[in-house]
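Visitor: Please model the entire structure based on the sequences and the hints provided.
If you're matching them up, the sequences are chains X and L in order. In this text, residue positions in the first sequence follow the UniProt record's numbering: the first is 1, and each later residue adds one. In this text, residue positions in the second sequence follow the UniProt record's numbering: the first is 1, and each later residue adds one.
Just so you know, these hints were derived from the structure itself, not from any lab. Since the model is a prediction, treat every value here as computed from it, not as a measurement. Hints are not guaranteed to be accurate.
Between beta-carbon pairs, the in silico distance windows are [as the list claims (entries may be wrong)]:
#, chain 1, residue 1, chain 2, residue 2, range
1, X, P39, L, D180, 54 to 62 Å
2, L, L158, X, D41, 39 to 47 Å
3, X, G31, L, R375, 45 to 53 Å
4, X, V55, L, P21, 26 to 34 Å
Even for Gly, the Cβ is constructed at its ideal location relative to N, Cα and C.
Spelled out, the chains give:
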Amino acid sequence: MQTVVDLTRCQGYAQCVFLAPEVFELHGEEGLLYATAVPEDQVERVRQAAAACPVQAILLGEGVSAGAR
Amino acid sequence: MASDTLLARITDYANRPDPYPLYAELREAGPAVRQADGSYLIGTYHEIVALLHDPRMSADPRSRTTPAPYNVTRQPPFLRLDDPEHHRLRNSAMRPFGPPHSPGRVDSMRGEIVQLTKELAEVFQEGRQIDVVDDFAYPLPVTVICRLLGIPHKDEQLFQGWTDILVAAADIGPESDTADREQAADQARQEMGQYLVQLGEQRRGRPTGDMLSDLVNEPDAAVRLSTEDLAINTILLFIAGHETTVNLVTNGVLTLLRQPDQLHRLREDPGLLPRAVEELLRYEPPVHMRERVPLVDIDVAGTTIPGGTSVILALASGSRDPLRFSEPDRFDPTRPDNQHVGFGSGIHLCFGAPVARIEAEAALGALIPHLDTARLLQDPPPYRQNAMLRGPRHLPIQL
Numbered sequence: 001m002q003t004v005v006d007l008t009r010c011q012g013y014a015q016c017v018f019l020a021p022e023v024f025e026l027h028g029e030e031g032l033l034y035a036t037a038v039p040e041d042q043v044e045r046v047r048q049a050a051a052a053c054p055v056q057a058i059l060l061g062e063g064v065s066a067g068a069r
Numbered sequence: 001m002a003s004d005t006l007l008a009r010i011t012d013y014a015n016r017p018d019p020y021p022l023y024a025e026l027r028e029a030g031p032a033v034r035q036a037d038g039s040y041l042i043g044t045y046h047e048i049v050a051l052l053h054d055p056r057m058s059a060d061p062r063s064r065t066t067p068a069p070y071n072v073t074r075q076p077p078f079l080r081l082d083d084p085e086h087h088r089l090r091n092s093a094m095r096p097f098g099p100p101h102s103p104g105r106v107d108s109m110r111g112e113i114v115q116l117t118k119e120l121a122e123v124f125q126e127g128r129q130i131d132v133v134d135d136f137a138y139p140l141p142v143t144v145i146c147r148l149l150g151i152p153h154k155d156e157q158l159f160q161g162w163t164d165i166l167v168a169a170a171d172i173g174p175e176s177d178t179a180d181r182e183q184a185a186d187q188a189r190q191e192m193g194q195y196l197v198q199l200g201e202q203r204r205g206r207p208t209g210d211m212l213s214d215l216v217n218e219p220d221a222a223v224r225l226s227t228e229d230l231a232i233n234t235i236l237l238f239i240a241g242h243e244t245t246v247n248l249v250t251n252g253v254l255t256l257l258r259q260p261d262q263l264h265r266l267r268e269d270p271g272l273l274p275r276a277v278e279e280l281l282r283y284e285p286p287v288h289m290r291e292r293v294p295l296v297d298i299d300v301a302g303t304t305i306p307g308g309t310s311v312i313l314a315l316a317s318g319s320r321d322p323l324r325f326s327e328p329d330r331f332d333p334t335r336p337d338n339q340h341v342g343f344g345s346g347i348h349l350c351f352g353a354p355v356a357r358i359e360a361e362a363a364l365g366a367l368i369p370h371l372d373t374a375r376l377l378q379d380p381p382p383y384r385q386n387a388m389l390r391g392p393r394h395l396p397i398q399l
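Guide: Given below as structure tokens:
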């Protein structure tokens with residue numbers, strides 16, 4: 001699975017960081033860092049993070065394996 | 001009926017099972033609808049979101065210049081404070097709870113939450129009668145918030161008593177303005193605060209891996225909470241940390257039992273659960289209304305609301321606004337565009353939302369396989385009094 005965050009929408013609510021802290025990380029109070037290739041064991045957490053985003057900024061590419069770039 | 005009686009009708013207990021037609025009437029009459037008592041009701045999505053993000057809107061009840069039906073002299077928790085005080089206290093409370101300082105805390109509780117839901121789901125056996133609230137939806141979040149904060153299991157009953165009193169006093173509407181209730185709430189608040197401060201004292205220098213320990217052992221004196229702030233805000237964390245989740249889980253079971261096709265769909269495809277929880281937060285949210293107070297006269301879609309007036313934002317109505325959501329009265333776990341306001345929006349966005357989401361997903365995931373032959377024994381079920389924090393008091397089902 002691949003993930004992309006639309007950073008023009010992101011408002012730093014950090015719900016994704018709570019729900020998938022190995023994929024999403026806060027840099028300082030609001031800056032978001034994230035892994036574009038989602039490891040297999042994090043897919044469910046990322047799906048929950050995407051659903052939870054209050055501004056729906058997280059896009060998921062299902063069916064793309066973590067190895068693909 | 002006259003639109004200036006809408007708040008009175010919404011808070012009327014007789015309408016607790018189904019306030020949604022009243023919200024539709026509110027949106028028709030809106031966006032800003034003056035009530036007989038001088039307050040304003042807002043029920044349309046875009047106006048609600050704009051006001052939740054408007055720095056001229058105060059969350060502090062002490063900003064009211066019109067008489068309030070409740071005690072507004074005491075210091076509120078950060079839920080009802082404005083920046084910069086709100087930001088200072090919320091940040092201090094966030095340090096042991098979430099990112100950037102504690103990003104893994106909530107995630108690390110997943111295992112025990114799933115385990116707990118499995119244990120509680122054991123009573124769901126074919127042929128039995130269950131009260132979803134007392135047997136499942138209540139014990140789950142209470143146990144989780146006690147573990148998170150570090151409150152001993154043996155004292156849960158004590159906390160339940162205080163919580164019931166404080167939640168009853170936090171309601172709005174003409175039925176709630178009694179002096180007795182305020183007095184009982186003040187006493188409960190004092191006792192509960194004292195208990196939490198003493199528990200914190202025991203943990204000072206002897207941390208036990210919970211939020212209370214981290215709060216009292218915060219090394220940076222600039223962000224460490226004073227004794228008074230600790231009492232006021234840990235009471236908030238405890239109550240807000242479970243009360244609404246009870247309703248979310250119960251509303252979830254109720255919604256799925258009313259719509260067997262959706263129950264079946266989720267049973268077949270558990271991958272839909274995260275989105276089903278979001279749809280539930282839109283369709284049957286635990287928090288129906290929040291109060292704000294404009295600091296100056298503000299214009300809402302052509303209506304001037306005077307500064308100092310009580311403004312009730314009907315979040316549950318906003319999440320059903322047809323101008324924002326297509327087929328808003330349909331429960332659809334695959335809804336593609338679901339920017340609901342179930343957790344609010346802006347600087348006061350629900351502090352505990354991630355915990356609630358994990359609890360709700362684990363709860364529904366554990367229960368759905370047991371609900372195939374279940375039926376509601378009472379529909380609508382008996383509701384709790386509170387109109388703002390709305391949910392069933394009991395949900396008896398036959399398995």
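Visitor: It remains to establish, for every hint, whether it holds in the given structure.
Guide: To see whether the hints hold, each was checked on the structure:
| no. | hint | verdict |
| --- | --- | --- |
| 1 | P39/X <-> D180/L: 54 to 62 Å | holds, 57 Å |
| 2 | L158/L <-> D41/X: 39 to 47 Å | holds, 40 Å |
| 3 | G31/X <-> R375/L: 45 to 53 Å | holds, 51 Å |
| 4 | V55/X <-> P21/L: 26 to 34 Å | holds, 30 Å |
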